[in-house]
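Fit chain B to the known structure of chain A by using the hints.
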Amino acid sequence: MAATHRGRQVVRYLPVLPAAVLLLVFLAGPVLWAFHASMTNVGLTGRHARNPEWVGLENYQRLVQDPVFPLSLGLTVLFVAGSAVLGQNVLGLALAVLMRRARPAVSATVGTAVVAAWVLPEIVAAFAAYAFFSRDGTLNQLLGGLGQPETDWLYTVPMAAVVLANVWRGTAFSMLVYRAALNGVPAELTEAAQMDGAGAWQRLAYITLPVIRGSIATNLMLVTLQTLAVFTLIWVMTAGGPANGSTTLPVLAYQEAFKFGDIGYGTAVATVLIVIGGVFGAAYLRLLREQRP
Amino acid sequence: MLRRAPRTLSLLAAATLVLAACTPADPGGGNKTIKVAYQKTDSFTALDSMLQDAKKEFEAANQGVTVDLQPIQANDDDYGTKLALALRSPSTAPDVFYEDTFKVRSDVDAGYLLKLDSRLAGWGDWGKFDAGAKEAGKADDGGTYAVPLGTDTRAIWYNKKVLETAGISVPWHPSSWQDILDTARKIKAAEPDVIPFNMYAGKGTGEGTVMQGFYELLYGTGAALYDQDSKKWVVGSTGFKDSLTFLDTLYKEHLAVAPADALDPNIWKKVFGEWFPKAKLGATVEGSYAPSFWQAGGSYAWPGYAQDMGVAPFPTESGGAPGAVSMSGGWTLAVGADTKQPDLAFNFLTTALNAKNSLKFTVASSQIAVRSDVAADAGYQSANPFVKDVSGLVSVTRFRPATSDYPRISAAVQEATEAVITGKRTPEQAAADYDAAVAGIVGADKTIRK
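Chains as they are written, first to last, in UniProt numbering: chain A, 1 to 293; chain B, 1 to 450.
Every clue listed holds true.
Cross-link-like lysine to aspartate or glutamate pairs, in silico, EDC-like; alpha carbons within 16 angstroms at most:
| # | chain 1 | residue 1 | chain 2 | residue 2 |
| --- | --- | --- | --- | --- |
| 1 | A | K259 | B | D77 |
| 2 | A | K259 | B | D76 |
| 3 | A | K259 | B | E207 |
| 4 | A | K259 | B | D405 |
| 5 | A | K259 | B | E415 |
Calculated from the structure, these hints are not laboratory results.
For reference, chain A alone in the conformation it holds in the complex:
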């Protein structure tokens, strides 16, 4: 009996096997490789390229002493908080709420405009953002038409430029998630609140948001993890400059691994990024679990 039962158990998991194997090979594999490589002095060239040595935690000690690392960490937090948690998330929610009240034509136009940025491949969106903010770009031409002097946005306020660009590029995702979530808010609940005399803000704060908080947590997790990994957008717009003024952790990892050929050190930076992503992911998952009734 027990054997048959176990056999059935095994068979039940068989359909999951291909997915599990794929995940192990293409996700866990590189992560483990990164952990291993970050403990060696493997390089792109030079004598350690093919025969790396085990150096233990040396790369991490160097990282702690590197003056660029705290700057880069701070910029990463700023980038994620500014463009994902505040920008994409809040703007996406606001758009979703407003679009329910707007006329269908307005709603469709706005929806198309927002989703257009999301549809573009990242490299195209990055060049579009560069063309907008650069010295001879659209923004300066518009401001010039109003008699404002030219500003080098990518040079004077690089972080603001990449944060805005990422908000523009990514808001569509949050908007779509929230539109779907708002459709799931029972109309009776909102109507009952309205009957009881709750204003628009009160209905949003006490009815809508609590009902969709599961979606909020999921959305926050997804946009945070996506934004942590943004590289192309920043690389194309500022390449991390000026004077490391927009060097987030992915950019730092790329520079160390490929510009200076220090793959071991670069993967140490990437490993820190993985850990940060893991911590955020675990925190959001916990949040989601606690909300289960």
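This is chain B only, laid out in the frame that chain A set:
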């Protein structure tokens, strides 16, 4: 269970068939392939056309051999990265590839390059290569691992019209840094819309910042980046501070471009394509390959360049001997250490670098010839009006200390220039930052105060 066996077997058979179709064909038999990796960009096609010619020639002479040209479309930095990634694994490493001279040493250390001495000894043309240029293909063990394609020098390129408008007589021959500043100030006063004298600085232009800028200053002060005798990196030199001070003056007095422009990685395109042809720039330090952009078929074709442009050696700080400074780089062809057909690969290299192909490439890319027969050719000497001037600089030129640490040291120099031109640090502070950075990169015991 048994009934399923045939089906399982047929599935396995199908999988084997599919896998077999994926594995590369057996290299044996008459069909051999030589993989060649090189750089090709919209403004650099000379190498591509040379290798296309060499491919035809080589395939005609060697029946059954296919030359598989694999151009990599990337700028110099990205090309180096992509090539290094391909070289890391023997299964992706090309047989013959285009290699920057300053990567030769570290790539030999990595075991990527095949030692060519025994093969070069049997190649009649090797004697025609310039001895100085041959040095660039040598590694620390004294062996030769790469064959030079050409070399280059750096000089001041100036627009005669701009200088004449400011009342400066041409040909212009600045004899000291002060001379450059005086001229630049005159241009500034006479033509406020013109950028008088630009020098690359900051991390945006990468190696351009140091090769066409900072090193011309530094080596003209008597200081050096690296002490060959003690094999240590120089810190705390007055020359380093003087060089930063000169850049500070240029940028602070707006004799060069605005700092934001200097940090744009594409500024060199404006220099060649816009500012010089439109007489918006007085002078800048650039490579001997400058005419390749302007001549017919170049990316910024400008028929008037031969009349409008002039070239002058970059002077030493106060005119001391030897009176001029120049830097040289250049590229080579090398054979992969893991190639399965070393003889064929080397033979392809000699075909690509024979007299005919070398001449065509040297002229098309405005390189300085490294083969004596190419240098003597009338077609090379008359390729552009500046060949004689820039070739003459070979006598004073220097090469980068291309050790494995060099890319980081170079980045530290670029950072120092960026801190100065953006006004974040004074030249003294930036020099001190650089000294600390060097000690951090190579260790304090590998530095020397001079």
